[in-house]
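There are 2 protein chains.
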Amino acid sequence: MNTKKHLTIALDAMGGDAGPDMVIPGAALSAIRHPELRFLLVGDRSRIAPLLERHAALKDRSDILHTDVFVTMDAKPSQALRQGRGRSSMWMAIDAVRTGQADTVVSAGNTGALMAMARFILKTLPGISRPAIAAIWPTLRSESIVLDVGATIGADASQLVEFAVMGEAMARCLFGVERPTVGLLNIGVEEMKGVEQVKEAGRILRGAELPLEYTGFVEGDDIGKGTVDVVVTEGFTGNIALKTAEGTAKQLATYLKQSLTRTLVSKLGAWLASGAFAALKDRMDPRKHNGGVFLGLNGVVVKSHGGTDALGFATAIDVALEMVRNDLVSKIKTDVEKMNDVITRATAQDKQPETTI
Amino acid sequence: MNTKKHLTIALDAMGGDAGPDMVIPGAALSAIRHPELRFLLVGDRSRIAPLLERHAALKDRSDILHTDVFVTMDAKPSQALRQGRGRSSMWMAIDAVRTGQADTVVSAGNTGALMAMARFILKTLPGISRPAIAAIWPTLRSESIVLDVGATIGADASQLVEFAVMGEAMARCLFGVERPTVGLLNIGVEEMKGVEQVKEAGRILRGAELPLEYTGFVEGDDIGKGTVDVVVTEGFTGNIALKTAEGTAKQLATYLKQSLTRTLVSKLGAWLASGAFAALKDRMDPRKHNGGVFLGLNGVVVKSHGGTDALGFATAIDVALEMVRNDLVSKIKTDVEKMNDVITRATAQDKQPETTI
Numbered sequence: 001m002n003t004k005k006h007l008t009i010a011l012d013a014m015g016g017d018a019g020p021d022m023v024i025p026g027a028a029l030s031a032i033r034h035p036e037l038r039f040l041l042v043g044d045r046s047r048i049a050p051l052l053e054r055h056a057a058l059k060d061r062s063d064i065l066h067t068d069v070f071v072t073m074d075a076k077p078s079q080a081l082r083q084g085r086g087r088s089s090m091w092m093a094i095d096a097v098r099t100g101q102a103d104t105v106v107s108a109g110n111t112g113a114l115m116a117m118a119r120f121i122l123k124t125l126p127g128i129s130r131p132a133i134a135a136i137w138p139t140l141r142s143e144s145i146v147l148d149v150g151a152t153i154g155a156d157a158s159q160l161v162e163f164a165v166m167g168e169a170m171a172r173c174l175f176g177v178e179r180p181t182v183g184l185l186n187i188g189v190e191e192m193k194g195v196e197q198v199k200e201a202g203r204i205l206r207g208a209e210l211p212l213e214y215t216g217f218v219e220g221d222d223i224g225k226g227t228v229d230v231v232v233t234e235g236f237t238g239n240i241a242l243k244t245a246e247g248t249a250k251q252l253a254t255y256l257k258q259s260l261t262r263t264l265v266s267k268l269g270a271w272l273a274s275g276a277f278a279a280l281k282d283r284m285d286p287r288k289h290n291g292g293v294f295l296g297l298n299g300v301v302v303k304s305h306g307g308t309d310a311l312g313f314a315t316a317i318d319v320a321l322e323m324v325r326n327d328l329v330s331k332i333k334t335d336v337e338k339m340n341d342v343i344t345r346a347t348a349q350d351k352q353p354e355t356t357i
Numbered sequence: 001m002n003t004k005k006h007l008t009i010a011l012d013a014m015g016g017d018a019g020p021d022m023v024i025p026g027a028a029l030s031a032i033r034h035p036e037l038r039f040l041l042v043g044d045r046s047r048i049a050p051l052l053e054r055h056a057a058l059k060d061r062s063d064i065l066h067t068d069v070f071v072t073m074d075a076k077p078s079q080a081l082r083q084g085r086g087r088s089s090m091w092m093a094i095d096a097v098r099t100g101q102a103d104t105v106v107s108a109g110n111t112g113a114l115m116a117m118a119r120f121i122l123k124t125l126p127g128i129s130r131p132a133i134a135a136i137w138p139t140l141r142s143e144s145i146v147l148d149v150g151a152t153i154g155a156d157a158s159q160l161v162e163f164a165v166m167g168e169a170m171a172r173c174l175f176g177v178e179r180p181t182v183g184l185l186n187i188g189v190e191e192m193k194g195v196e197q198v199k200e201a202g203r204i205l206r207g208a209e210l211p212l213e214y215t216g217f218v219e220g221d222d223i224g225k226g227t228v229d230v231v232v233t234e235g236f237t238g239n240i241a242l243k244t245a246e247g248t249a250k251q252l253a254t255y256l257k258q259s260l261t262r263t264l265v266s267k268l269g270a271w272l273a274s275g276a277f278a279a280l281k282d283r284m285d286p287r288k289h290n291g292g293v294f295l296g297l298n299g300v301v302v303k304s305h306g307g308t309d310a311l312g313f314a315t316a317i318d319v320a321l322e323m324v325r326n327d328l329v330s331k332i333k334t335d336v337e338k339m340n341d342v343i344t345r346a347t348a349q350d351k352q353p354e355t356t357i
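Protein sequences, first through last, are from chains A and G. Counting in my numbering, the first sequence runs from 1 upward without gaps. Counting in my numbering, the second sequence runs from 1 upward without gaps.
Hint data in this document are derived by calculation from the structure and do not stem from the laboratory. For each residue, glycine too, the CB sits at the ideal point set by N, CA and C.
Simulated restraints on C-beta separations:
1) Glu-143(G) with Leu-264(A): 23 to 33 Å
2) Gln-258(G) with Arg-98(A): 42 to 52 Å
3) Thr-72(G) with Arg-141(A): 28 to 38 Å
4) Ser-129(A) with Glu-196(G): 14 to 24 Å
5) Ser-142(A) with Trp-271(G): 21 to 31 Å
6) Lys-281(A) with Gly-100(G): 48 to 58 Å
7) Pro-286(A) with Glu-143(G): 23 to 33 Å
8) Gly-207(G) with Ser-129(A): 34 to 44 Å
9) Lys-250(A) with His-6(G): 37 to 47 Å
10) Ser-274(G) with Pro-126(A): 53 to 63 Å
My request is simple: use the sequences and hints to build the entire structure.
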């Protein structure tokens with residue numbers, strides 16, 4: 001547990017579709033929720049300062065780090081890195097974590113640019129070959145962590161094992177369980193099925209002494225069921241799965257609306273059941289599940305959805321704080337060392353002659 | 001258009017969780033829908049014959065091809081191929097298409113075994129390196145075709161182009177459009193993103209003179225929106241996307257039920273709106289979208305969901321007939337020839353020195 005009393009969060013005030021108009025009210029909500037949190041607001045002072053006037057509690061606990069350079073939502077990562085280096089709000093907010101000025105950082109900006117800068121500034125942890133983005137996925141059971149949802153395309157067996165370890169550490173921070181259940185996403189639960197690297201990762205995890213319960217392969221429909229705490233996959237498939245689920249949820253919400261407005265009686269019924277629909281809407285509210293966590297770096301970086309509002313942004317801040325308070329980075333560091341022993345042993349075993357088939 | 005008057009469909013009577021108890025009533029429904037269709041029921045006569053007694057209209061137009069060997073739902077494909085060769089209901093039903101006894105075949109059996117046998121018996125079409133399974137996906141616009149949803153893992157650029165051509169041909173049969181829109185599933189719509197083989201397939205399709213409208217990359221959430229008629233991806237990602245969507249749909253249906261039964265007033269509201277919910281349920285009914293089409297073979301093979309009922313099985317028969325009546329196989333054959341010219345030209349161009357970057 002991080003015992004530091006006053007945490008400081010750096011916010012990329014210029015990120016997201018609405019920039020400071022969304023970020024500052026979001027920070028203000030967060031200031032109420034976390035009375036001891038301090039804020040480092042990075043961006044254009046002429047836009048931030050007037051907004052702070054409306055939020056006295058936030059203003060008292062904020063510092064503005066001025067810059068008038070910011071990364072646009074459609075910039076290519078390489079371009080953002082070149083042009084935004086050292087002086088963009090996104091860069092400076094991440095850099096505050098490196099220098100220790102801030103304990104964590106949240107940005108609603110361009111995902112690709114944020115990941116490129118975060119990797120460049122904070123570097124990956126020893127033993128981690130590639131970072132991952134983890135999504136918090138609402139399930140029938142409660143919530144699960146799904147990673148990678150788009151940091152990098154493809155992953156070999158040992159990278160999948162790294163993802164499993166990072167996801168397990170995040171689950172311990174977020175859900176407070178000692179040994180989270182972990183499954184590898186695959187296209188069949190039988191051991192025979194699936195791609196070679198997924199099967200190999202399964203073999204490594206099965207024999208590993210790590211703070212996780214490896215339960216085997218899971219399929220796409222297991223994510224929503226909440227079969228496991230952590231679902232591990234490579235970034236291409238993870239991103240497609242995440243967006244497909246978002247698309248399906250929107251599709252069904254539209255169907256529901258269309259059905260309920262068809263006749264007068266159904267409209268009346270819908271009106272009577274409006275409390276139920278409000279509860280449903282609340283449960284499905286994407287603002288309550290906002291915040292993709294960048295895992296595997298020397299620091300906690302959280303990506304908020306670019307189109308979210310103040311409430312959603314405050315959720316992303318909650319996620320970042322939860323990770324810092326529970327020492328996500330040291331948990332990953334410790335477990336990666338254990339993991340490397342496991343992989344070394346697994347590889348050594350592979351080289352021994354087979355005695356059984 | 002297939003002008004043959006009396007089509008015959010071969011049915012693997014032993015396939016699916018319930019076997020003949022589901023297949024025969026499904027065929028009976030189909031017999032009413034398609035008054036000129038003939039049925040070849042392959043399986044255990046002692047189980048099929050008594051069921052036929054209840055369905056006179058079906059009985060008159062059916063022949064039973066007896067066998068008491070059948071492939072179990074959990075058999076490995078290689079095992080099924082070895083043990084079920086020549087004499088299992090699944091094998092004999094597919095073989096009836098090869099010999100011309102039947103025009104098409106439907107099975108609710110084990111997917112892996114069905115694909116292995118179908119490839120072995122019917123062979124892939126000239127110019128097609130690997131078959132695909134296409135799913136009919138309900139969307140906000142109407143329906144789309146998504147392929148491959150699990151026939152094979154991974155696909156290079158020219159295999160993705162093959163999938164595009166097979167999907168386009170199926171869309172022309174199913175939706176009656178002349179130039180279906182086709183998109184490649186990717187993790188970003190910008191041309192820069194995504195895996196190399198997807199980008200390369202995009203370049204080939206962009207310049208191709210084929211009966212399709214290539215619209216570029218689509219993301220996971222575009223599937224449910226119905227952005228394009230045909231969504232092309234490799235089998236691992238396609239299968240995960242399909243199952244994730246199924247899982248999300250179930251999850252939301254459960255949420256809805258839970259919300260509506262929370263209070264007395266919401267229960268009353270739900271009762272008043274029950275017509276609307278029935279319409280919604282009908283729209284989401286998986287039995288109305290049953291039938292995975294095996295594409296790229298010398299014949300039309302349709303896989304029904306193993307757990308479906310008679311209504312769902314009748315839908316799978318509808319799909320198979322639609323494909324045969326609209327000459328799916330010849331459409332694919334013609335377009336694959338065009339495609340091969342396109343790929344040859346694209347490859348030749350790649351070998352020329354680059355003049356622009």
